[in-house]
Amino acid sequence: MPNIIACFKWVIDEAYIRAGSSGELDMRSVNYKLSDYDRNAIEEAARIKEEHGGTVIALTVGIPGGTKGLKDALSRGPDKACFISDPSFENLEPSQTAAILADVIGRKLDYDLIICGEGSSDLYARQVGPRLAETLGIPCISFVQKLTIDGNRIIAERKVEEGIEVTAAPMPALVTVVPDINNPRIPGVKDTLTASKKEVITITKDDLSSAYEPTLRTVSMTAASMERNCVKFTAEPSDITAFIEALAKEGVLR
Amino acid sequence: MDFKLTEEQELIRRNMREFAETYVDPIAAEIDENSRHPGELFQKLAAGDWMGIPIPTEYGGAGADYLTHALVVEELSRSCSSTGFTVSIHVGIACMLTLLFGNEDQKQKYLIPMAKGEKLGAFVLTEPGAGTDVMSATSTAVLEGDEYVLNGVKTFTSNGPTGDTYFVFAWTDKEAGRKGMSAFIVPKGTPGMQAGEHFNKMGLRSSQTSEMLFKNCRIPKGNLIGKEGAGLMLAMTGFDHGRVGIAAQSVGILQAALDESIKWSKERVQFGKPIARQQAISWMIADMATDLDAARFLTYRAAWMKDQGVPFSKEAAMAKLFAAEAAMKHTTKAVQIHGGYGYVKGAKVERLFRDAKITEIYEGTSEAQRMVISGNVLR
Amino acid sequence: MAGVWIFAENLQQTAELLSIGSDLASKLMTTTSAFLIGNTDSADDCIAFGADEIMELPALAGDQPLDAYIPVIVAEAQTADPDVFLIAATVRGKDIAARLAARLKTGLCSDCIGVTFDEGNNVLEMDRLAYGGAAIQKVACMTRPVMATIPPGTYKPAPQQSGRQGTIRELQAPQPSPSTVLERRPKETQVKDITESRIVVCAGRGIERKEDLSLVQELATALGGEIGCTRPISEEAHWLPEELCIGLSGISVKPDLYIGLGVSGQVQHVTGIRDAKVICAVNKDENAPLFGAADYGIVGDLYDVVPKLIEAVKKAKA
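Protein chains in written order, with the working numbering: chain A, 1 to 254; chain B, 1 to 379; chain C, 1 to 318.
Calculated from the structure, these hints are not laboratory results.
Incorrect hints may have been included.
Lysine-lysine pairs mimicking DSS-like chemistry, simulated, CA-CA at most 27 angstroms apart [as the list claims (entries may be wrong)]: (1) 105(C) with 210(C); (2) 159(A) with 210(C); (3) 348(B) with 198(A); (4) 345(B) with 284(C); (5) 107(B) with 263(B); (6) 44(B) with 197(A); (7) 317(C) with 277(C); (8) 108(A) with 105(C); (9) 146(A) with 105(C); (10) 345(B) with 357(B); (11) 159(A) with 192(C); (12) 192(C) with 277(C); (13) 146(A) with 192(C); (14) 254(C) with 138(C); (15) 284(C) with 308(C); (16) 284(C) with 348(B); (17) 273(B) with 227(B); (18) 232(A) with 138(C); (19) 210(C) with 138(C); (20) 317(C) with 249(A).
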C-alpha cells in the first residue's frame, strides 16, 4: 500500500496571454489552471491508490491565493493536500521549487512514490522532478508512459528517442509522467464539493530550513514574435499561379 | 455586490464544459437527427452526480446549490439543448417537488434513486385541452379504499417514453376549484398507465415527449404527494424551479449561437473581407453578446434568490421570459449570419434555431410568464 | 581548471554542441571538454570538431541506464569547476542535466535556443521559450557552472579541423545505478525523420477524414517534400505517427518551405516551424493565427486549393 505524493503547479493558462503593443506580455485577463501534465500525475497517483490502496497527498508550492488550484487537485482523488505557500513564491525558478519541495518532503512527509508531471505548462523546464529526486537521493525515472507497482519496486516504460526503455527502480522513487500515461478523469460534482472539505496542511516559508535563493535569474520575458508579412492570395486560378511564382522566386521550388 | 461565482461553482462549470465537449458534442447532431434518448450519456451523467446537484447528499444528490445546477444546465445546453432540458426537468421539477413536498417514505423510495440518476422523473400536467389554462384539465383521481384510481389523457409529457417516476396531476375534487387538484407519484409499470409514441418534433428532438394515458390506473394512497388539493400549488412551485432551468437552457443556446456566429463571421469572406468586419454583422453580434449577459444575469439572480430562501417566482418568470425570447431572436440572427450555410442540416445554428423555439412555449409560454410578472408587479 | 563542458549521447550532437561550445570557450578564453560515452573510436573526431579534452566514460553494462554516469560526472565537475556545461536536450539528456544541476547546486536553462555573451558584465544570457511558445524567457545563471540543455539541431555541427591536438582521459567506471533497464524496445514502425527535410507539407485539423491525407501527401510528393502534422492529427486522431507531430511537444523543423494545410497556427505548433525559411498557410479562416506567422497565404478551402496547387506545381516543375 504505497504512500504517494503527487506534485502539481497552479499556472497561468497560456491561452489567455496576449502580446502587448511593445512586445511585452499582456497578462491582464489571464486565468489559471492546473498545469496540464500534473493532471496526469494526480490521475496516475489516484489510479495506483485504487489498485493497491495507500494514500495520496497532493503537494504544491505557490502564492497564498491559489486555493482554487488546491480544490481542483483534491477533486481528482488525493486524500489530502500540502500547500507550501508564501507571497514571495510567485516566480520560483526550478531549482528553488525542487529545493523547497525536497525540504518539506524530506522532513515532514512519508512516501514510497513521488509522481510529477514531465514539466509545467508555463515554463516547461522539466527540471523539478529529476532535481527533487536527486536532492532526496532517490531513484528517478522520467518521461514515463506506463507505470506498474511490482512489490517494493516500480517498473516504468520510458519514452526515449529510439523507442521504449523499460526501467525498474526500488521504492522510494520518483517518476515524471508524459500525457500518454492516462486520461485524467473529469471530476464529478461531489468530487469538487468534497475536495473543499479535505485536509490541507499549510506550510509557510518560516517552516522551511533554508531560504533557497534562486540560481537562475529571468532577465526578460517578452512575447515571442513569430510574425511575418503575409502576402495573401485567394483560391482563384490567377492567384494560385501568382502564389507558385512567388515560391519559385524565393528559390524554394526545385 | 459580488458577481463572482465561488471557486467550487467555477470548477464544476469548467468540469461540465469538459464533460460536454468530451461526451455530448460528438453525439449531439446524431441524437437530434434520430430523435434518440442517449441512455449511455445519462449513465455517465449519473456517475458524475450531475443528475441531482441541488438535492442533499442524504437523499442521493450532490448537495450543491441551485445556482450550480443552473450553471450545469447552461453548459450542457450549450452543447445539446435536449440533454440540458432533460436534466433540468428531472432535477428542477421531479426531484425538487419530492424534496419539497414528499414525505420521508417518498423521499427514500423515489427521491434517492432519482437524485442518483438511476431513475428519470417526468412531469405529467398538460392535457390536450388544457395548456396554459390548467384549470380546464379533466383527468380525475378517485379514492377507492386504500387506492386512488386515475383516469384521463395527458400530452406533451417530457420524458414520457423514457421516464421511471411520473408526477401526475388530476382532480380529486373538481368543485373545489384551485384547491381541487392533487399530485401523485406513479412509478413506471403501474397497470393502467401507458406512454404514447415519442412525438416527431421540430426541435429538442432527443428529449422524449409523448402522450400519457391513464385508464383505471390504481396507485396506493401513499403515493399522493403533498396534501389532497395542493396539486396546483405544487405545479406552480415546480414551474418556479423549472423555469430557472429553462432560462439556463436558453442561456446555453444563446452562448452557443454567439460562439458559432463569432467563429463563422471571422471565417466567411465576402466582398474581400471576413463578414465580421461588416458593421451589419458585427452589430448583430454585439446585440447577441449583450442580450446573452442580460439573460445570464437574470437567470443567476433567480437561482441565487432560490438559494437565499426568498420568493423568486417573479424573477424566475422574468429570467425565463427574457432568456427564451433572446434565444429565439438571436438564433434567428445566427442563422442569418451563416446565410445558406446555416439553413442546412449539419450546421449547429440550424439545430440551435429549432431548439430555441420550445423555450418560449414549455413550462409556461412567454405569455404565461408575462401573466406571472404582471400579476406580481400590479399587485 | 575551468572550461566549457559538453555532454551528448552521440557524435552528431557532440559536434553540434562543440560548435557553440568552442565559440563560448574562445570568448571566455578557456578550453572545451567533451564527454564521450564508451566509444574511443570517435575521440579523434571530437578533437577535430573542436574539443580540447576528451573525457571517456567507460561503456555501461546492458542493464544500466545512462544516468548511472551521474556520480562520475559530478565528481569530475566538483574537481574541475567548469565555467559552462552544455548538454544535448534529448530525453535522457534533459533528465541527467537536471539531476547534475541539483547535485552541483547550480542553475540550468532548459531547452536553450540561443546564447549571447554580455562581455561588459561577463554574463551568459540564454533564451528559451515559455508559455507554450508564446513568450521568450531570457535567463542568466548566477551560479557555477552555467548549465544549459540545447535541443539537437539547434546548431550546425562544428566543422572538422584536421591536425587539432587534444588530450584524452579515461574516467573511472561508475557504480551500478539503483535503477536497471529491463528491456529496450525499438519503435515499432520506423518513421522518416523530417527534421532535416527541405520541404514539409503539414496536415492540420482542417483535414476532415483520414483518407484525405492522401491529398496532403500528393502535394508533398509533387513538391519533393515530406508530410508532417499538427498535434490533433497525431495525438487525438492517431492518423499519423507522433514522430511527424510538429510543435513544442513534438519535433521542430527548419525546411526551406513549409506549407500548412488547414493548420490554425496554435502557438505550440508555430514554435516548431519558427526556423523555416518560407512559411505558407492555406486556410479558409482568414483569421487563422498561422497567417500572421506566414510569408504567403491562400485564403480558401484546402479541398479546393490543394488540387489546384498540385496541378500548378507539376506544371511549374515540368
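Evaluated hints:
About 50 angstroms separates the Cα atoms of residue 105(C) and residue 210(C), which puts this hinted pair outside 27 angstroms; it is violated. Restraint check for residue 159(A) and residue 210(C): satisfied, since their Cα atoms lie roughly 26 angstroms apart, inside the 27 angstroms limit. For the suggested pair residue 348(B) and residue 198(A), the alpha carbons sit about 41 angstroms apart, so the restraint of at most 27 angstroms is broken. Restraint check for residue 345(B) and residue 284(C): satisfied, since their Cα atoms lie roughly 20 angstroms apart, inside the 27 angstroms limit.
The straight-line distance between the Cα atoms of residue 107(B) and residue 263(B) is roughly 46 angstroms, outside the 27 angstroms bound, and the hint therefore fails. Note on residue 44(B) and residue 197(A): the hinted pairing holds, with a Cα-Cα distance of about 25 angstroms set against a maximum of 27 angstroms. A C-alpha spacing of about 20 angstroms is found between residue 317(C) and residue 277(C), which places the hinted pair at or below 27 angstroms, so the restraint holds. Of the supplied pair hints, the one linking residue 108(A) and residue 105(C) holds, its CA atoms being roughly 22 angstroms apart against a limit of 27 angstroms.
Taking the CA atoms of residue 146(A) and residue 105(C), the gap is about 31 angstroms. The hint is violated against a cut of 27 angstroms. A threshold of 27 angstroms between alpha carbons decides the hint, and for residue 345(B) with residue 357(B) the separation of about 17 angstroms falls inside it, so the pair holds. For the hint pairing residue 159(A) with residue 192(C), the CA-to-CA distance comes to about 18 angstroms; that is within 27 angstroms, so the pair holds. Among the hinted pairs, residue 192(C) with residue 277(C) is consistent with the structure: their alpha-carbon atoms are about 21 angstroms apart, no more than 27 angstroms.
Between residue 146(A) and residue 192(C) the CA atoms are separated by roughly 25 angstroms; this keeps the pair inside 27 angstroms, and the hint holds. At most 27 angstroms may separate the alpha-carbon atoms for a hinted pair to count; residue 254(C) and residue 138(C) meet this at roughly 22 angstroms. Distance check on the hinted pair: residue 284(C) and residue 308(C) sit about 15 angstroms apart at the alpha-carbon level, within 27 angstroms; holds. A threshold of 27 angstroms between alpha carbons decides the hint, and for residue 284(C) with residue 348(B) the separation of about 18 angstroms falls inside it, so the pair holds.
A hinted pair counts as satisfied when its Cα atoms are at most 27 angstroms apart, and residue 273(B) with residue 227(B) does not qualify at roughly 65 angstroms. The suggested pairing of residue 232(A) with residue 138(C) is violated, with an alpha-carbon distance near 33 angstroms, which exceeds 27 angstroms. Between residue 210(C) and residue 138(C) the alpha-carbon distance is near 41 angstroms, which puts this suggested pair outside the 27 angstroms criterion. Note on residue 317(C) and residue 249(A): the hinted pairing holds, with a Cα-Cα distance of about 13 angstroms set against a maximum of 27 angstroms.
When held up to the earlier numbered hints, the structure conflicts with 1, 3, 5, 9, 17, 18 and 19 and fits the remainder.
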